[in-house]
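Protein chains in written order, with the numbering used here: chain C, 362 to 509; chain F, 362 to 509.
Possibly wrong hints are sitting among the right ones.
Pairs count within a copy or across copies, as identical chains cannot be separated in the list.
[Unchecked claim] In silico lysine to any residue, SDA-like type, Cα no more than 20 Å apart, as pairs:
#, residue 1, residue 2
1, Lys-477, Asp-460
2, Lys-459, Ala-385
3, Lys-463, Gly-409
4, Lys-454, His-503
5, Lys-386, Arg-415
6, Lys-421, Pro-479
7, Lys-470, Ala-410
8, Lys-477, Leu-449
Derived from the structure by calculation, the hints contain no laboratory data.
Protein chains: 2
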Amino acid sequence: MKSILAAAVALAALSPLAAQAQFAKPEDAIKYRQSAFTVMGSHFGRLGAMANGRVPFDAKVATDNANLVATLARLPGAGFGAGTETGLNTRAKPEIWKDTAKFQAAYEKMLDATSKLPAAANDPATLKTAFGAAAATCKGCHDDFRRE
Amino acid sequence: MKSILAAAVALAALSPLAAQAQFAKPEDAIKYRQSAFTVMGSHFGRLGAMANGRVPFDAKVATDNANLVATLARLPGAGFGAGTETGLNTRAKPEIWKDTAKFQAAYEKMLDATSKLPAAANDPATLKTAFGAAAATCKGCHDDFRRE
Numbered sequence: 362m363k364s365i366l367a368a369a370v371a372l373a374a375l376s377p378l379a380a381q382a383q384f385a386k387p388e389d390a391i392k393y394r395q396s397a398f399t400v401m402g403s404h405f406g407r408l409g410a411m412a413n414g415r416v417p418f419d420a421k422v423a424t425d426n427a428n429l430v431a432t433l434a435r436l437p438g439a440g441f442g443a444g445t446e447t448g449l450n451t452r453a454k455p456e457i458w459k460d461t462a463k464f465q466a467a468y469e470k471m472l473d474a475t476s477k478l479p480a481a482a483n484d485p486a487t488l489k490t491a492f493g494a495a496a497a498t499c500k501g502c503h504d505d506f507r508r509e
Numbered sequence: 362m363k364s365i366l367a368a369a370v371a372l373a374a375l376s377p378l379a380a381q382a383q384f385a386k387p388e389d390a391i392k393y394r395q396s397a398f399t400v401m402g403s404h405f406g407r408l409g410a411m412a413n414g415r416v417p418f419d420a421k422v423a424t425d426n427a428n429l430v431a432t433l434a435r436l437p438g439a440g441f442g443a444g445t446e447t448g449l450n451t452r453a454k455p456e457i458w459k460d461t462a463k464f465q466a467a468y469e470k471m472l473d474a475t476s477k478l479p480a481a482a483n484d485p486a487t488l489k490t491a492f493g494a495a496a497a498t499c500k501g502c503h504d505d506f507r508r509e
């Protein structure tokens with residue numbers, strides 16, 4: 362899965378044709394990636410509330426949210442194709458397209474960390490550790506590649 | 362799954378507390394449901410392009426998109442809780458909250474139809490039929506519950 366996503370991110374970032382095939386216009390790609398992050402962030406937030414004890418732990422709810430986060434994490438990468446640098450008030454920094462390899466490495470760190478959430482979601486302590494590791498990859502990427 | 366979602370939709374629609382627990386404020390719920398529909402629509406569109414022969418059929422790509430649509434279809438229902446009738450330029454009609462049972466039935470039709478997509482995605486002909494049935498449930502709900 363990781364290598365498939367990496368290939369998709371690389372292809373989308375490097376080939377305007379590939380991005381065009383998937384999205385009719387650049388704004389569609391930007392809206393898609395923003396939407397995917399919004400939905401992912403919502404479920405990640407629910408997981409965090411449980412990981413950090415703000416809501417009672419429930420293994421079923423935690424697992425459902427962890428599975429959704431792991432699935433959704435794979436999606437927004439395809440929305441960063443060439444030609445999607447500006448538009449729709451994107452907070453994406455130009456560095457994404459200037460240093461695609463670094464962005465891709467950061468994205469893959471996030472994929473690695475989020476892929477571990479489902480297996481960790483059965484226990485509050487392991488969930489807390491796995492959630493923290495995943496949250497650190499979010500922050501790392503936002504610090505480098507997203508405007509405030 | 363269907364009954365779980367139906368319960369979630371019913372709960373979210375009837376209980377401001379439930380919606381509040383999941384979303385910090387009504388705008389968050391509206392943004393969440395709009396984002397979920399955007400991502401779902403993107404993957405449904407890719408599936409449709411394949412179902413209707415606009416792009417070459419590829420069982421792997423079709424199955425990936427069908428699985429995503431079936432998963433994403435379960436999400437936006439939770440974003441229609443009480444208090445989310447207006448805001449963020451929502452196109453949701455008041456009928457959603459005036460006739461919740463009818464909205465819920467329309468939502469469940471969509472869930473039924475989209476849940477059949479993964480099994481149908483291995484063959485162009487069965488995919489076309491299943492896609493058409495799912496698209497009809499989208500249109501039905503948009504006609505009744507979404508402003509132009």
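Check your understanding: Looking at the structure, which of the earlier hints fail to hold?
Key -> 1, 2, 3, 7, 8
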